[in-house]
Amino acid sequence: MKRTRTSKAWMMEHVNDAYVQRAKAEGYRSRAAFKLLEIDERDHLLRPGMVVVDLGAAPGSWTQAALKRVGAKGRVIALDLLPVETMPGMEFIQGDFQEDAVLEQLEALLAGAPVDLVLSDMAPNMSGIELTDQARSVYLAELALDFAVKHLKPGGKFLVRCSRGPASWNFARRRRNTLPHCRCASPRRRAIAAPKCICLEMGSGLAEG
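For the sequence shown, the working numbering assigns the number 1 to the initial residue and increments by one for each residue that follows.
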């Protein structure tokens, strides 16, 4: 299929993007690593020795960033429907998080260990219908939140990224009313944050009780 002017412009912008170049220079798999790193610099989500679960991990940029921050004594478990090239210290499950068998596999790998941080960058297969895609994105966010509530230690944190739109904003508003310290946590620079996504951060008491 012949490329349109719009697709060519996007490709040129992507190739010349400073964060794409920086990701290549620093060995990250994509510019997405800097979204997590910037949020972490501000809110200190990651610390040495933590247990982190990364849902929707492909291609592995958030996992890479988390591994560097938690260190050798930490643990990062990544999960995705797509294959992810392994890296030192990474534990990986390939499967659909929506399936009970995959969730059970993840829980078996944890073996009862409490989790310090749950990251979710899961995205649905896009249909091109905006309302449908937003609803599917929020559904995955709800599944990730349910896992976080069950497995985070007291004071643990949850960071989720989902498609921006009425459904995701409603999801954020609902959670602000029911969970402490829930807020949008998009990075400061829009050059890093995907313009069609929001980040929602929850913590400090999420798993208490």
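It should be emphasised that the hints constitute simulated quantities derived from the structure, not laboratory data.
Here the structure is a predicted model, which is why all the values come from computation and not from measurement.
A couple of the hints might just be wrong.
Claimed, not checked - List of simulated lysine-lysine pairs, DSSO-like, C-alpha gap at most 27 Å:
#1 K24 to K153
#2 K153 to K73
#3 K68 to K24
#4 K73 to K150
#5 K153 to K68
Stated by the list, open to error - Taking CB as the label site, the calculated pair distances span:
#6 K150 to D96: 16 to 22 Å
#7 E142 to P114: 19 to 25 Å
#8 H44 to I129: 24 to 30 Å
#9 L143 to D43: 44 to 50 Å
#10 M126 to D146: 29 to 35 Å
#11 Q21 to P48: 24 to 30 Å
#12 K24 to D100: 35 to 41 Å
#13 A113 to Q21: 36 to 42 Å
#14 A135 to H44: 28 to 34 Å
#15 E142 to A101: 15 to 21 Å
#16 D43 to M87: 21 to 27 Å
Don't be surprised by glycine CBs; every beta carbon is placed ideally from N, CA and C.
For this session: Would you pick out the hints that fail for this structure and give their numbers low to high?
Result: 1, 8, 9 and 10
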